[in-house]
Structure formats: structure tokens, C-alpha cells
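Asks: Chains A and B, in that order, are what the protein sequence lines are.
Heads up, the first sequence is in the working numbering, so the first residue is 309 and it goes up one at a time.
Heads up, the second sequence is in the working numbering, so the first residue is 175 and it goes up one at a time.
There may be inaccurate statements among the hints.
[Stated by the list, open to error] Calculated lysine-lysine pairs in the DSS-like style (CA-CA distance at most 27 angstroms, straight line):
1. A/326 / B/216
2. B/216 / A/311
3. A/326 / A/361
4. B/230 / B/242
5. B/230 / A/365
6. B/216 / A/363
7. A/378 / B/245
8. A/361 / A/378
9. A/311 / A/379
10. B/230 / A/321
11. A/326 / A/379
12. A/326 / A/363
13. B/230 / B/245
14. B/245 / A/379
15. A/311 / A/363
[What the hints assert, rightly or not] Example chain A residues on the side facing chain B (calculated, C-beta under 10 angstroms, incomplete):
16. 343
17. 348
18. 353
19. 372
20. 381
21. 396
22. 402
23. 410
Think of the hints as simulated: they come from the structure by calculation, not from any bench.
Heads up, the beta-carbon is just placed ideally off N, CA and C, and yes, glycines get one too.
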Amino acid sequence: DVKVTQSSRYLVKRTGEKVFLECVQDMDHENMFWYRQDPGLGLRLIYFSYDVKMKEKGDIPEGYSVSREKKERFSLILESASTNQTSMYLCASSSAGQGETDTQYFGPGTRLTVL
Amino acid sequence: GESVGLHLPTLSVQEGDNSIINCAYSNSASDYFIWYKQESGKGPQFIIDIRSNMDKRQGQRVTVLLNKTVKHLSLQIAATQPGDSAVYFCAESETGANNLFFGTGTRLTVIP
Chain A
309 DVKVTQSSRY LVKRTGEKVF LECVQDMDHE NMFWYRQDPG LGLRLIYFSY DVKMKEKGDI
369 PEGYSVSREK KERFSLILES ASTNQTSMYL CASSSAGQGE TDTQYFGPGT RLTVL
Chain B
175 GESVGLHLPT LSVQEGDNSI INCAYSNSAS DYFIWYKQES GKGPQFIIDI RSNMDKRQGQ
235 RVTVLLNKTV KHLSLQIAAT QPGDSAVYFC AESETGANNL FFGTGTRLTV IP
């Protein structure tokens, strides 16, 4: 079974803090994704990566950055957290090569609250 | 951008009945479609997918139907069980794109 794990299920941070969300997958997948999920808005893509050290902006990259130093790990960074970044953050991975689409497998999510 | 939407935000069915969840998409270039189930407090879980060269695909108690003419996708769940209660998302993509576009979801409630 594909396993995608996220470092925290719940996280509470203060405005202005730097926040790191970690994601690890154990299936040697090339692609990894970060989404946020908000009521009524569904899943929105923040960033994705199709290879180590490669990254592409998604639909809402502002206020976020990512890091992929190893194939199995994809980190989402909030440089200076703001209250409008309070959300559920979901990581996913897939095995498709660049320019292809395949099933994405999701982690359990991190519910981040910024006070 | 593409719009992927659902006809009904909520659906209630009696246990044992069949459920049908619908999804409309607007991008005629979309050629890959997928259904996810998300239970409360969990990440989305893959249910079934279909590519545009097919119009029907069956899994265990689930069937996905694709009508490319009217850009419509549906998920049928046979003999719905209480454990099927969740939010169901459709998502679509087109060749050359790595990422999926998601609908906002339909909440399915199974009445015992």
C-alpha cells in the first residue's frame, strides 16, 4: 500500500512565525503535491514537484515556498504565517512522469491554525 | 481555468439503496477523471478512476460513468453502507498536466 505521512495532524502557530510542514512518501513516487482545503473551496494546489529539487507553482503559491531535497520528502514552508493561512493542508504523491497524470495518494492532512 | 463542479452538495440515502453522485466538468480536453472519498478528519482516499477512452469502469461496489458528450461524470455506489458516509470529490486532468482539478465535493449521508 502507498503510504503518505505528514509530520503533524494539528498545529497551532502565531502570526509571523515560520512554519514547516513535512510530507514523506514511501513508494518512490516522482511527483509530490501540496494542497490546502477550505470549506466551500475544495482542494487548491499550492505547489508541486516532479523531481528532486524541482518545483512548480500551483494555483495559490503566494505566501508559501517548498523544498524537495530528497525524492521521498516534500516540505511546505510558510515564511511568515498569517491568519488567512489557517486551513487543512494535504500532501499527495503520484508515480506519473512529467507531463503525465496518474492517481494521487494523499496523506492524512495537517490542520494548521494561525492565531 | 477549468471548473469542476457537483450538482448536489448533499445526498442522503437509505442503507442498502444505491447512491449516485454526479459531477460536471467544463474542459473538453480533460482525459483523466478520478473519484475520491474523504471521511471526517482524514485525507482523500482514491476510489476509482477512468480515462477518456472508456465510458464505464467498475470496481468493488462502485461504478464510474463518463459521458464526454455532455461532460458529465457519475459515481454509483451499490448497496450503500453506513461506512460510505463521507464527502466525495471528483477531479479531472488533461494530458500534459501533472495536476488534478478538484470539485468542491458532495456529502453523502447513509441513513440506517
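Asks: Next step is simple, just say for each hint if it's right about the structure.
Replies: Here is what the structure says about each hint:
no.: 1; hint: A/326 / B/216; in the structure: 25 angstroms, holds
no.: 2; hint: B/216 / A/311; in the structure: 13 angstroms, holds
no.: 3; hint: A/326 / A/361; in the structure: 21 angstroms, holds
no.: 4; hint: B/230 / B/242; in the structure: 11 angstroms, holds
no.: 5; hint: B/230 / A/365; in the structure: 33 angstroms, violated
no.: 6; hint: B/216 / A/363; in the structure: 26 angstroms, holds
no.: 7; hint: A/378 / B/245; in the structure: 39 angstroms, violated
no.: 8; hint: A/361 / A/378; in the structure: 8 angstroms, holds
no.: 9; hint: A/311 / A/379; in the structure: 14 angstroms, holds
no.: 10; hint: B/230 / A/321; in the structure: 46 angstroms, violated
no.: 11; hint: A/326 / A/379; in the structure: 23 angstroms, holds
no.: 12; hint: A/326 / A/363; in the structure: 20 angstroms, holds
no.: 13; hint: B/230 / B/245; in the structure: 14 angstroms, holds
no.: 14; hint: B/245 / A/379; in the structure: 36 angstroms, violated
no.: 15; hint: A/311 / A/363; in the structure: 22 angstroms, holds
no.: 16; hint: 343; in the structure: 8 angstroms, holds
no.: 17; hint: 348; in the structure: 6 angstroms, holds
no.: 18; hint: 353; in the structure: 5 angstroms, holds
no.: 19; hint: 372; in the structure: 15 angstroms, violated
no.: 20; hint: 381; in the structure: 17 angstroms, violated
no.: 21; hint: 396; in the structure: 9 angstroms, holds
no.: 22; hint: 402; in the structure: 8 angstroms, holds
no.: 23; hint: 410; in the structure: 8 angstroms, holds
Checked against the numbered hints above, the structure breaks hints 5, 7, 10, 14, 19, 20 and satisfies the rest.
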